[in-house]
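Chemist: Please work from the sequences and hints to get the whole structure.
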Amino acid sequence: MTFGVLAMVRSVVVAATLSAAPAFADSVAQSPIIPAASQSRLLSIGGDVTEILDALGYSDRIVAVDSTSKYPESALKTKANVGYMRALATEGVLSVNPTAIIASLGAGPPDVVKALKASSIPYVEVPDDPTAAGVSNKIRVIGAALAQSSRADALAASVEAEFEILAKESKILTAKKRAIVILSVQNGRAIIGGANSSADAMLALAGAGNAAVGLNGFQPVSDEQLAEFAPDAVIVMRRTGEGSTKTLEAVASLTGLQSSPANRSRSVIEMDGLFLLGFGPRTPAAVRDLRSALYPDTAAPPARREP
Amino acid sequence: MSIVEYPKRAVFQTSRLAPTKILAILSATMLVTTVLSLSIGPTGISLMSLPRAIGAMLGWSDDLEAQRDRLVLLDIRLARTLLGAFVGAALAVAGATMQGLFRNPLADPGLIGVSAGAALAAIATIALSNSLLSPFAFALGAYALPFAAFFGGLGTTWLLVAVASRDGHLGVATLLLAGIAIGAIAGAASGFIAYASDDRELRDLTLWSMGSLSGASWIKVAAVVPFAVAIVLISPRLVNALNGLLLGEREAFHLGIDIEATKRWAIALSAAAVGAAVAAAGIVGFVGLVAPHVVRLMAGPDNRIVLPASALLGAILVVSADIAARMIFKPAELPLGLVMAVVGGPLFLHLIMRRGGGIGE
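Each protein sequence line maps, in turn, to chains A and B.
Mapping to my numbering: the first sequence position 120 is 120, numbers consecutive.
Mapping to my numbering: the second sequence position 349 is 349, numbers consecutive.
Just to be clear, a hint being listed does not mean it is correct.
[Stated by the list, open to error] Computed Cβ-Cβ distance ranges for the label pairs, DEER-style: (1) Leu173/A with Gly44/B: 51 to 61 angstroms; (2) Ala133/A with Gly44/B: 39 to 49 angstroms; (3) Ala133/A with Leu133/B: 28 to 38 angstroms; (4) Glu160/A with Ile328/B: 39 to 49 angstroms.
Since the hints were derived computationally from the structure, they do not count as laboratory data.
Even glycine gets a Cβ: it sits at the ideal position worked out from N, Cα and C.
Modeler: Here it is as structure tokens:
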């Protein structure tokens, strides 16, 4: 039918739930401050938002999360789940009886977000830029909304300090590797993070170049295109909470990578999706893990393993 | 157009239910479905709270509970029930009309490219709202999408009629083939845009193409009212002509029916109805096929009963599917189009296998 092509692309979408989106920082209105009395039942929408709330010690106050909130693992298991963050339902959200909603700017659809903002429940919008500065900004926005600015400032400052150390350490890297990030493999085609994607930002932070910089966002590519990228390393996503030897096998079978330097040096790195692309408080640790996996021979400080 | 007067009983008389009885049953079911749709939802607020909600609406009470009841019962559930009823009725009437026009029980508004055109415009709006179309998207805000879908559907239909007209004559076969071709072109363009979009746009495209009433609002309800009125006004004018067409185009012509006018009205009606429905709820399949089909099984092919009964049944189907969509995985919500396809697909398959009651069979 009409949607034959769309159906094909649909698979991309399912895999892409973790990735970040372009910045709309200018559209963030002045966030409301949630009064202490309304902090008892928080609805957290966005994997990064849930992680930050957890880091600020608010996980007990969260009553419900969205389906992208996969860390801490207890989040999805013990809290109500209002569904995928781009497909919220007004009444569904109201039914968990939140006293306040803290949502990523990526939440949607717009009609529902508009209706929720119009209700009497305080609605805090958290920007979602996939940058190092974006992480501390998110933390500060959430801290300000909870009237916990000092705690948030401390967390943001420690994240910033970690990023600074990482940037300093990366200076000793002389030869930059060119890598690609494979989100998933669908029907033998790899979906790869190009320019302006969260994957691209992570590669830059880890001191590597993006071999797929000619793409924009996450896109499926052909084997021939893959061969042309000829990456030095391949980073493969593991869906949070799943072991995925399957994806590794699928990547190994990609014809386009057979002749790549990555295949010859066996540089295939597997990482948890939300950890790698979430741009939350764990991002400095993810950058460190990624960098030490990319440059195993460089005498950088030992990796802090992902939790 | 009403020169033809049919014998009241002789032509379509079968052992089926009387038309008044069918309309009565469907109306009663519609009423029950509406009440259910107003009383069932993930918040658990029931219709018992209605007086309080109305009180809050009239400004008699402003305590938080009453405001919440008002929000849930009137602004959310009532709006989405009305919108769902409209979407179902519009799609079913458009389906019945297309089936009459093409004298084929499997015809669907999708055949003349309306849905593909509406989808193309909507997809372009979603994918390009941050770049090429940003002035348009900015000016219309959240209404850019429905606006685009509606005019996309209408524009495609206009193009189709322009292509298929020859000396003022619309050939049904040409119309069908051109519709398929235009639908394919629009589908290809949609696919191209989808391929070129980034992942956030893709996620929105996908969700939109699965249909949903979760964004229902009073503004959307108000926006579909003119189309509901248009359907009510146009469809009775088509009934006799479509009945004549049941006999064949030539026979209808000899009965004194203005065939060309009928075709144009039927196409205009379907384009407006489907364009508005797609604009309000995204892509919701099967209603246009299943509702008229079931009605013909119950009542026979007389369009005097098929059109109004299809409208009622379409509304019942969509409103019930929407109740399921919001309850199955509460507090999360399933896309309406998925629920409809899960229910409608097997039902339709069953109907085909029974080979019952379609036109021309």
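Chemist: Next, verify each hint and record whether it holds.
Modeler: Right, here's what the structure says about each hint:
Here the CB-CB span from Leu173/A to Gly44/B is close to 57 angstroms, well matched to the stated 51 to 61 angstroms. Between Ala133/A and Gly44/B the CB atoms are about 43 angstroms apart, so this pair conforms to the stated range of 39 to 49 angstroms. A hinted range of 28 to 38 angstroms for the beta carbons of Ala133/A and Leu133/B is consistent with their spacing of about 30 angstroms. The hinted range of 39 to 49 angstroms is satisfied by Glu160/A and Ile328/B, whose Cβ atoms lie roughly 44 angstroms apart.
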